[in-house]
Amino acid sequence: MSMTFISTFVDMIRHLDMEFDMVVECIANGTIPDLEGIAEVRHYLELCISADPERAAELRRLGRPSSLPGWCGHVWPNLRSVTGVASGSFPSSAPLAQWFLGPNAALHSLGYASTESMLAIALPYNPLELNQFKVPHNTIVEFLNISKNNSIDSLAQPWEVEPGRRY
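Counting from 1, position 47 in the sequence shown corresponds to residue 47 in our numbering; the numbering is continuous, with no gaps.
Since the hints were made in silico from the structure, they are not lab data.
Note that the structure is a prediction, hence the values are computed from the model and not measured.
Don't take each hint at face value.
Claimed, not checked - Here are the simulated distance ranges between beta carbons:
| no. | residue 1 | residue 2 | range |
| --- | --- | --- | --- |
| 1 | P53 | E19 | 14 to 20 Å |
| 2 | D52 | G102 | 20 to 26 Å |
| 3 | P103 | P158 | 35 to 41 Å |
| 4 | E40 | R14 | 53 to 59 Å |
| 5 | E40 | P95 | 51 to 57 Å |
Every residue, glycine too, gets a C-beta built ideally from N, C-alpha and C.
My request is simple: use the sequences and hints to build the entire structure.
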């Protein structure tokens with residue numbers, strides 16, 4: 001499963017948890033509820049689904065996502081990973097994402113990016129280390145020492161970075 005941010009996965013599972021009874025009922029009946037904003041496409045969506053009472057019963061037995069560690073692994077046994085940005089401010093979602101996934105699926109953060117560019121990649125390092133990246137040789141990176149005032153004089157080149165300082 002791939003998405004922009006790991007937090008999107010957590011939000012998706014939390015929403016499923018909140019709407020669990022409705023979703024299971026829709027699976028059992030092969031229907032889509034009259035949700036706001038889908039009136040024009042609801043008919044077309046319903047043509048693509050069919051009732052699956054056995055799957056609905058299986059989901060009812062498992063319970064909602066918040067009731068079972070590793071819920072996603074039980075619901076989707078072939079799910080092996082969720083990929084999305086999990087660096088910077090996004091690792092805070094990682095423990096809950098892993099709790100939903102269980103032990104057989106991993107979180108992958110394949111890079112560190114900004115609005116300006118892709119700054120770093122997780123490969124060939126371990127993609128399971130959510131905050132370890134390799135800066136490609138063709139990327140220009142400057143570090144801003146946050147202990148100094150926010151000016152051009154506070155910028156440091158990669159070879160000027162000092163361990164223990166915050167950039």
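- Cβ separation of P103 and P158, checked against the hinted range 35 to 41 Å: holds (37 Å)
- Status of the given 20 to 26 Å range, CB of G102 versus CB of D52: holds (23 Å)
- Message: Between the beta carbons of E40 and P95, is the distance compatible with 51 to 57 Å?
- Response: The hint (51 to 57 Å, Cβ to Cβ) is violated, given that E40 and P95 are roughly 39 Å apart.
- Message: If I claimed the Cβ atoms of E40 and R14 lie 53 to 59 Å apart, would that claim hold in this structure?
- Response: Violated, at about 27 Å.
- Whether the CB-CB distance between P53 and E19 falls inside 14 to 20 Å: Taking Cβ atoms as reference, P53 and E19 lie about 19 Å apart, which means the hint holds.
In summary, the structure is inconsistent with hints 4 and 5 from the numbered list given earlier, while agreeing with the others.
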